[in-house]
Amino acid sequence: MPKVRVVKQESVGTGLYKMVFESPIDLKEKGFMPGQFLHLRPSESYDLLLRRPLSLCMADVEHNVLTVVYRAQGEGTKRLARLAAGDVVDVLGPLGHGFAAVSGDRRSLLVGGGIGVPPLVELGRYLKKQGQSVISVLGFQNKSQAILLDEFAQIGDMIVMSDDGTIGERGLVTGALTEDVLMDVDRFYSCGPTPMLKAVQATMKVFCVPGFLSLEERMGCGIGICVGCVHEISQKGELKYVKTCKEGPVFPSEEVVFS
Amino acid sequence: MPKVRVVKQESVGTGLYKMVFESPIDLKEKGFMPGQFLHLRPSESYDLLLRRPLSLCMADVEHNVLTVVYRAQGEGTKRLARLAAGDVVDVLGPLGHGFAAVSGDRRSLLVGGGIGVPPLVELGRYLKKQGQSVISVLGFQNKSQAILLDEFAQIGDMIVMSDDGTIGERGLVTGALTEDVLMDVDRFYSCGPTPMLKAVQATMKVFCVPGFLSLEERMGCGIGICVGCVHEISQKGELKYVKTCKEGPVFPSEEVVFS
Amino acid sequence: MIINSEDVDLSLDLFSRRFKNPVMPASGCFSFGREVSMLYDLNLLGAIVVKATTLTERLGNKTPRVAETPSGMLNAIGLQNPGVQRVMEEELPYLRRFDDLPVIVNVAGTAIEDYVEVVKALRDSPDVFAIELNISCPNVKCGGIQFGTDPLVAQEMVRAIKAVASVPVIVKLSPNVTDIVSMALACEEAGADALSLINTVVGMQIDVEKRRPLLANTSGGLSGPAIRPIAVRMVYEVSSRVKVPVIGIGGIMTGRDVVEFMMAGATAVQVGTANFVDPWSCPRIISELAQWCADHGVSRVTDLVGAAKQ
Amino acid sequence: MIINSEDVDLSLDLFSRRFKNPVMPASGCFSFGREVSMLYDLNLLGAIVVKATTLTERLGNKTPRVAETPSGMLNAIGLQNPGVQRVMEEELPYLRRFDDLPVIVNVAGTAIEDYVEVVKALRDSPDVFAIELNISCPNVKCGGIQFGTDPLVAQEMVRAIKAVASVPVIVKLSPNVTDIVSMALACEEAGADALSLINTVVGMQIDVEKRRPLLANTSGGLSGPAIRPIAVRMVYEVSSRVKVPVIGIGGIMTGRDVVEFMMAGATAVQVGTANFVDPWSCPRIISELAQWCADHGVSRVTDLVGAAKQ
Ligand SMILES: Cc1cc2nc3c(=O)[nH]c(=O)nc-3n(C[C@H](O)[C@H](O)[C@H](O)COP(=O)(O)OP(=O)(O)OC[C@H]3O[C@@H](n4cnc5c(N)ncnc54)[C@H](O)[C@@H]3O)c2cc1C
Ligand SMILES: Cc1cc2nc3c(=O)[nH]c(=O)nc-3n(C[C@H](O)[C@H](O)[C@H](O)COP(=O)(O)OP(=O)(O)OC[C@H]3O[C@@H](n4cnc5c(N)ncnc54)[C@H](O)[C@@H]3O)c2cc1C
Ligand SMILES: Cc1cc2nc3c(=O)[nH]c(=O)nc-3n(C[C@H](O)[C@H](O)[C@H](O)COP(=O)(O)O)c2cc1C
Ligand SMILES: Cc1cc2nc3c(=O)[nH]c(=O)nc-3n(C[C@H](O)[C@H](O)[C@H](O)COP(=O)(O)O)c2cc1C
Ligand code: FES
Ligand code: FES
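If you're matching them up, the sequences are chains A, B, C and D in order.
As numbered in our numbering, residues 1 to 259 make up the first sequence, in order.
As numbered in our numbering, residues 1 to 259 make up the second sequence, in order.
As numbered in our numbering, residues 1 to 310 make up the third sequence, in order.
As numbered in our numbering, residues 1 to 310 make up the fourth sequence, in order.
In short, the hints are calculated from the structure, not lab data.
Owing to the predicted nature of the structure, the values given are computational and were not obtained by experimental measurement.
We put the CB at the ideal spot given by N, CA and C, even for glycine.
Each hint should be verified, as a subset may be incorrect.
Result set (PhoX-like, lysine-lysine): computed pairs, CA atoms no more than 20 Å apart in a straight line [as the list claims (entries may be wrong)]:
1) B:Lys198 to B:Lys240
2) D:Lys162 to D:Lys62
3) C:Lys62 to B:Lys246
4) A:Lys78 to A:Lys3
5) A:Lys78 to A:Lys8
6) C:Lys62 to C:Lys162
7) A:Lys205 to A:Lys236
8) B:Lys30 to B:Lys18
9) B:Lys28 to B:Lys129
10) A:Lys8 to A:Lys18
11) D:Lys62 to C:Lys309
12) A:Lys240 to D:Lys62
13) B:Lys30 to B:Lys3
14) B:Lys205 to B:Lys246
15) B:Lys30 to B:Lys246
16) A:Lys129 to A:Lys143
17) D:Lys309 to C:Lys62
18) D:Lys243 to D:Lys120
19) C:Lys162 to C:Lys243
20) A:Lys129 to A:Lys198
21) C:Lys309 to C:Lys243
22) B:Lys205 to B:Lys236
23) A:Lys18 to A:Lys78
24) C:Lys309 to D:Lys210
25) C:Lys210 to D:Lys309
26) B:Lys198 to C:Lys62
27) B:Lys240 to C:Lys162
28) A:Lys28 to A:Lys129
29) D:Lys62 to A:Lys198
30) A:Lys246 to D:Lys62
Not the full set, but computed from the structure, chain B residues with beta-carbon under 10 Å of chain C [claimed, not checked]:
31) Asp47
32) Leu48
33) Leu49
34) Glu62
35) Val65
36) Arg71
37) Gly74
38) Leu92
39) Tyr126
40) Ile223
This is chain A alone, in the form it adopts within the complex (with noise of 0.2 Å):
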């Protein structure tokens, strides 16, 4: 089992962490994709016998170091917070398909909710290193749950939005996709909650704005063979399951099916 040490573990908003340890494989070597996700296990024993999918949220190459940002909810999360630099941990990764950059695109839009933001981060650093430019529509519930706003600053645009207005604009993530701020955008790329993902996606079709959606669902393996994590998607009026632990998470929006 790959075992990593922790570099640093910080606290980044109320029961927010922000992770960074050392890549189980050589990046440099083996490569990457943002969008994919990290398995980790909360710890040796076998209470909690899964491990917890978090989404890679910053790779750094040259220091062969990751980054994930996510929040301490249940038993195994909590565990996760409580390791501290030099600890080890088991982690499996990066695995699963990420986002992949559109060459030709112009100008893409990242929509995030909530703890879906952070795979967005790598995504925006990658697409800006491509040339091109970027804007970041971010919600969030409240201030003390907004995370990672200087990152996005420095990658392109950013409207912020919160449920009680405590930060950036009061209102859901969709309020903030008008047409001004679609006009230009070639691709648009979306991790959050459900019910978030099925509104941006109505709303991009309608706009006729192309782009994918990165899906949660809970994971047996991480690595494709329990079948667990399958999401519906409608390929060429074939409506089938996919994994989305190795087809996705991430899949293009106009495949994805919410029932």
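Since the structure of chain A is provided, determine the placement of chains B, C and D with the ligands on it from the hints.
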């Protein structure tokens, strides 16, 4: 649940540890008996569900701290061994019925084997304080397993035996229980593996020395509610099961039945 | 709506009596209450279920009687108890000092006649609020488990007991069956006033160093968090089919777990193995339950019963 | 006697073939081997049991399909698979690159005729070393579980399959029965060449926040260390009564656990859930097993079989 702080943890031999922690009760006010045990949770997680019984080895009434000495053999004691000063540990006790010094005795014999040696330390100190002379016969597998020798040396006479002769004399503790050694001994107190206790019981019967044995049984609760830890006792010719966690772990040698 | 945990109404009615709350220690995991009563006031409990009582004294099995398993434990106590007469004389009267503590006596045996005799004897005790028929103890040779796995035998047993009992009869079901629902329906039809489930699941551990079964009895009963999913499933299925109250048992460690069982259809719950891990489990679980209700705007705990079914 | 772990003979004979070692991944916990073959050489395995295969494609259940429980997990996949034709064409040939890897195909369905058709189809495949009849999957509606809980139906099924099968038939038993031994004896009598046990235990979890069963399928199958004591008990009982080899399954995480199952009477073992926690589980367990034998002076792993019974 009574959680206390670990004051110190150190290695005292191959796979052997000494852990000092705050007493969960006020020792001065509530009192304790040598031969009682502490019941420790290996960790907060539920995979190792049951507590681990460890004998009270030393009690520092003034600072209200307790010492246990134990072998990290299975998963639970290994987790305990990972605790360090400042960590929190969940401890019940001291529990059970320990060694009772009998008034009028002038010389007592302590017979300990391996990881059964620890509870005899506090007992020896107590007997010494009562004005008795004490002789200790201690058996270990080998030198790396020999523990608490300094403590016993301060209590009185001491004979050390080892299976391989790497410390003290080569042989079993019963080999040291000669007429010479037993002369003047009013009573014996013994703790160790069951085969040793059986042999000690038999030997002392031959020499007509009364005494006490501390028994080891697997425990569910440690407080008398599961009836898991019973041992066969014969009282006035009647055989019955008594709870080693509540009526024991210490019983008059004459009453203990080994099947 | 956020409310105060003290304002949550934890009470419920069972057999025409008001229970303070739905949490009671499970049989065999609390002895007769004496030991734990040194630790806290038993009046805090919804009720108490005491250790299985047989007609005559039983010594029980040899040791080892307990073993640890992943998130669980095995036990093979073998119904050690002093027999119904001494239980009535020496154990039950002690509990009178707790003025609001319904006492449920768990009854076991190896033949229907034994059970009937125990229940008849218990009629003379003023201390018994209800009887729990343990037709499912996996650790007793000759009989025992049979009552718990054959609907017709169980039915005969329950009828025989109901004919002599002067107090409500709860039938405790074994999970070691192909079809828990038919067992439940059979007992209900025979007159059971309530059902409690589950008893332990038959299991075993090998002592690989000694190359033999770890428990002296070879096999034992599995309990603790490991079996909770099995118990919740059975409570869900049974409570969907019977009309009598269902008491949920199996791996309850926290207030959240009580909520899970109640949402699955349990009217009340019993806490077993948790008492061994933490002797203060029951009062802790009761306050966690109140807190959970408060945090979730649930003003009466009875509103949770079957909530996962709508 | 301390020996070198490389000198321990882990091999065994099953159905007249030599297996390198007694450890194989369990059905449904290794897909068809492709994914894990990217991580290590599957030749290390004793054998491979691939995912349940049905006559026609099955989409499986809705999500959530998995849930975590104390030291275990629930799953309700619902036999998602592409159907036997595509399995034979698209999946099994991939495994040919592993020259010493017996492939066991797990067969499922909802009616005896379906099973028979699948087994008939598999006769055309050169890749199938043995068939494992999954008569016990708890997550399929209409049928499925029935075969696994009624000895007579199981017997009929096994006879029908034996009549058409060209390879050895292993029957995989469900633990959700009152009497595992009569199920085992019934299957043996009908001609089963080996028995594997256990499949998952039916369980359920409530999502207390959402107030509904967590799994979309309501209930699911419990696996992982939590069920190991149940599995060991059943392997011990069954292997004491049948003559055919017994393959032990349930909660195996380490080499020690394999030793436990073998001492209880298993000839070989399958590793399921452990693959999810640690994809390298099987080779790790194999080397831990060799190390355990070496440390305990066991020169041939077959010497462990039934050792806890003497
Ligand atoms: C591809 C992917 C990427 C994710 N990235 C992030 C991220 O970057 N930051 C972040 O905070 N969260 C992320 N999540 C959600 C995160 O995985 C869950 O919050 C976490 O698994 C919950 O574990 P727990 O121990 O807190 O909760 P528990 O309730 O103890 O978990 C019990 C079980 O349910 C699973 N589970 C519970 N909630 C979820 C959920 N929302 N999604 C999937 N499984 C769940 C757990 O993995 C575990 O198996 C991601 C999920 C997926 C599928
Ligand atoms: C009254 C009493 C006093 C003890 N005092 C000491 C002491 O001072 N120092 C010391 O090193 N050991 C002592 N022991 C033994 C100690 O309790 C066990 O070594 C320990 O519980 C093993 O736990 P584990 O996690 O290492 O092993 P595991 O194998 O993981 O334990 C599994 C289960 O078996 C139980 N168990 C395993 N071995 C024993 C055993 N020998 N006795 C009782 N239960 C066992 C465990 O408590 C646990 O419930 C004492 C035992 C008793 C009953
Ligand atoms: C040590 C022990 C003794 C038990 N004795 C009895 C008993 O005498 N009668 C009975 O009906 N159930 C008995 N049980 C079963 C419990 O009452 C309960 O049904 C079971 O343990 C599941 O609950 P839990 O997981 O909370 O422990 C016993 C359980 C344990 C662990
Ligand atoms: C996700 C998952 C899928 C499974 N699919 C199958 C299956 O298709 N056929 C089958 O016979 N058993 C299936 N099983 C049962 C396993 O093969 C095994 O019998 C069970 O999980 C117990 O072993 P374990 O505790 O090692 O996982 C599945 C188990 C899991 C967890
Ligand atoms: S999580 Fe197991 S297949 Fe995706
Ligand atoms: S350990 Fe429970 S009664 Fe002694």
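Hints, verified against the model:
no., hint, in the structure
1, B:Lys198 to B:Lys240, "18 Å, holds"
2, D:Lys162 to D:Lys62, "34 Å, violated"
3, C:Lys62 to B:Lys246, "18 Å, holds"
4, A:Lys78 to A:Lys3, "19 Å, holds"
5, A:Lys78 to A:Lys8, "16 Å, holds"
6, C:Lys62 to C:Lys162, "34 Å, violated"
7, A:Lys205 to A:Lys236, "17 Å, holds"
8, B:Lys30 to B:Lys18, "24 Å, violated"
9, B:Lys28 to B:Lys129, "17 Å, holds"
10, A:Lys8 to A:Lys18, "8 Å, holds"
11, D:Lys62 to C:Lys309, "18 Å, holds"
12, A:Lys240 to D:Lys62, "11 Å, holds"
13, B:Lys30 to B:Lys3, "17 Å, holds"
14, B:Lys205 to B:Lys246, "26 Å, violated"
15, B:Lys30 to B:Lys246, "17 Å, holds"
16, A:Lys129 to A:Lys143, "29 Å, violated"
17, D:Lys309 to C:Lys62, "18 Å, holds"
18, D:Lys243 to D:Lys120, "27 Å, violated"
19, C:Lys162 to C:Lys243, "17 Å, holds"
20, A:Lys129 to A:Lys198, "29 Å, violated"
21, C:Lys309 to C:Lys243, "15 Å, holds"
22, B:Lys205 to B:Lys236, "17 Å, holds"
23, A:Lys18 to A:Lys78, "13 Å, holds"
24, C:Lys309 to D:Lys210, "11 Å, holds"
25, C:Lys210 to D:Lys309, "11 Å, holds"
26, B:Lys198 to C:Lys62, "18 Å, holds"
27, B:Lys240 to C:Lys162, "34 Å, violated"
28, A:Lys28 to A:Lys129, "17 Å, holds"
29, D:Lys62 to A:Lys198, "18 Å, holds"
30, A:Lys246 to D:Lys62, "18 Å, holds"
31, Asp47, "5 Å, holds"
32, Leu48, "7 Å, holds"
33, Leu49, "5 Å, holds"
34, Glu62, "27 Å, violated"
35, Val65, "23 Å, violated"
36, Arg71, "14 Å, violated"
37, Gly74, "9 Å, holds"
38, Leu92, "7 Å, holds"
39, Tyr126, "25 Å, violated"
40, Ile223, "5 Å, holds"
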